[in-house]
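Participant: Which chain is which? The protein sequence lines are A and B, in order. The working numbering applies: residue 1066 is where the first sequence begins, and numbers increase by one. The working numbering applies: residue 299 is where the second sequence begins, and numbers increase by one.
In short, the hints are calculated from the structure, not lab data. Wrong hints could be hidden among the right ones.
Claimed, not checked - Partial pick of chain B residues on the chain A-facing surface, computed with a CB cut under 8 Å:
no.	residue
1	P306
2	Y308
3	L309
4	F310
5	G314
6	P337
7	Q339
8	I349
9	V350
10	F353
11	E397
12	T398
13	Q399
14	F401
As the list claims (entries may be wrong) - Listing some non-contacts, in silico: residues in chain A with all C-beta distances to chain B over 12 Å:
no.	residue
15	V1069
16	N1118
17	F1167
These figures come from a predicted structure and were not determined experimentally. Note that the Cβ used here is the ideal one computed from N, Cα and C, for glycine as well.
Here are the chains, one letter per residue:
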Amino acid sequence: QKEVEQNSGPLSVPEGAIASLNCTYSDRGSQSFFWYRQYSGKSPELIMFIYSNGDKEDGRFTAQLNKASQYVSLLIRDSQPSDSATYLCAVKPSGSARQLTFGSGTQLTVLP
Amino acid sequence: DGGITQSPKYLFRKEGQNVTLSCEQNLNHDAMYWYRQDPGQGLRLIYYSQIVNDFQKGDIAEGYSVSREKKESFPLTVTSAQKNPTAFYLCASSVTGQETQYFGPGTRLLVL
């Protein structure tokens, strides 16, 4: 079982729709969760992080964390073609020596 | 401007050759990381360093070496022992005690 799993996609949504990206993780003790956006050929850039159960909103982006079910999701409202990218989920497992573990990413395409 | 720089943008390696990728940051971050990304895959940790003159192996350290002589610099050497080095190499940094990592623009390594 992979430590951090994401649907690879591709996920296609029409412009203006809500895009929903999901991520599950295996380490129940994980405390910190991150979403990065990566455009083709570029490096990842941080979108959001979340530490507590529930929702965290930042503009058009909402991160949702459910530790009991071990999943974290990213919602993108009013999706734009410029949101087309690969979205990487990263998790900090329990134990201070462990670094971030990344999922393989979900490719999102927003259709004009 | 504060940030992370990586050079070169593209690097070509011949059989049996060692090559060194540069990573410099002026963010005054204590921790630095090297990741490898293969097409369609997430990031895999090669090495990380939390303080000067100290570094630890990540998940795929074989065939790679690093040094951390200065806080600002964390060069990665891809040795001839790394038989499949073609990949996108990403350097990141973070403040010690904070898990959020920020990435440089990356170096794409190709084998001739």
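Participant: Verify that the Cβ of A:F1167 lies farther than 12 Å from every Cβ atom of chain B, and report whether the claim holds or is violated.
Facilitator: The assertion about A:F1167 is violated, with a minimum of 4 Å to chain B.
Participant: Let me know if the C-beta of B:Q399 comes in closer than 8 Å to any C-beta of chain A, holds or violated.
Facilitator: 6 Å, holds
Participant: Under 8 Å is the threshold here; is the Cβ of B:P337 close enough to any Cβ of chain A for the hint to stand?
Facilitator: 11 Å, violated
Participant: The hint names B:L309 as touching chain A; please verify it with the least Cβ-Cβ distance against 8 Å.
Facilitator: 15 Å, violated
Participant: Identify whether the interface hint at B:I349 stands, where standing means a beta carbon of chain A within less than 8 Å of its own.
Facilitator: 14 Å, violated
Participant: Would A:V1069 pass as off the interface with chain B, using Cβ distances and a cut of 12 Å?
Facilitator: A:V1069 is in fact no farther than 12 Å from some Cβ atom of chain B, at 8 Å.
Participant: Grab the minimum C-beta distance from B:Q339 to chain A and call the hint holds if it beats 8 Å, violated otherwise.
Facilitator: 5 Å, holds
Participant: Would the hint on B:F353 be counted as holding, given a Cβ-Cβ threshold of 8 Å to chain A?
Facilitator: 12 Å, violated
Participant: Quick one, is the B:P306 hint okay against chain A at 8 Å, beta carbons?
Facilitator: Nearest chain A Cβ about 15 Å off; hint violated.
Participant: Using 8 Å as the Cβ threshold, decide whether B:F401 counts as touching chain A.
Facilitator: At about 4 Å, which falls below the 8 Å cut-off, the nearest Cβ of chain A leaves the hint on B:F401 intact, so it holds.
Participant: Taking the closest Cβ pair, is B:G314 under 8 Å from chain A?
Facilitator: Not OK, violated: B:G314 not within 8 Å of chain A, min 28 Å.
Participant: Holds or violated: is there a CB of chain A closer than 8 Å to the CB of B:E397?
Facilitator: Constraint on B:E397 satisfied, holds at 5 Å.
Of the hints listed earlier, those the structure fails to meet are numbers 1, 2, 3, 4, 5, 6, 8, 9, 10, 15, 17, in rising order.
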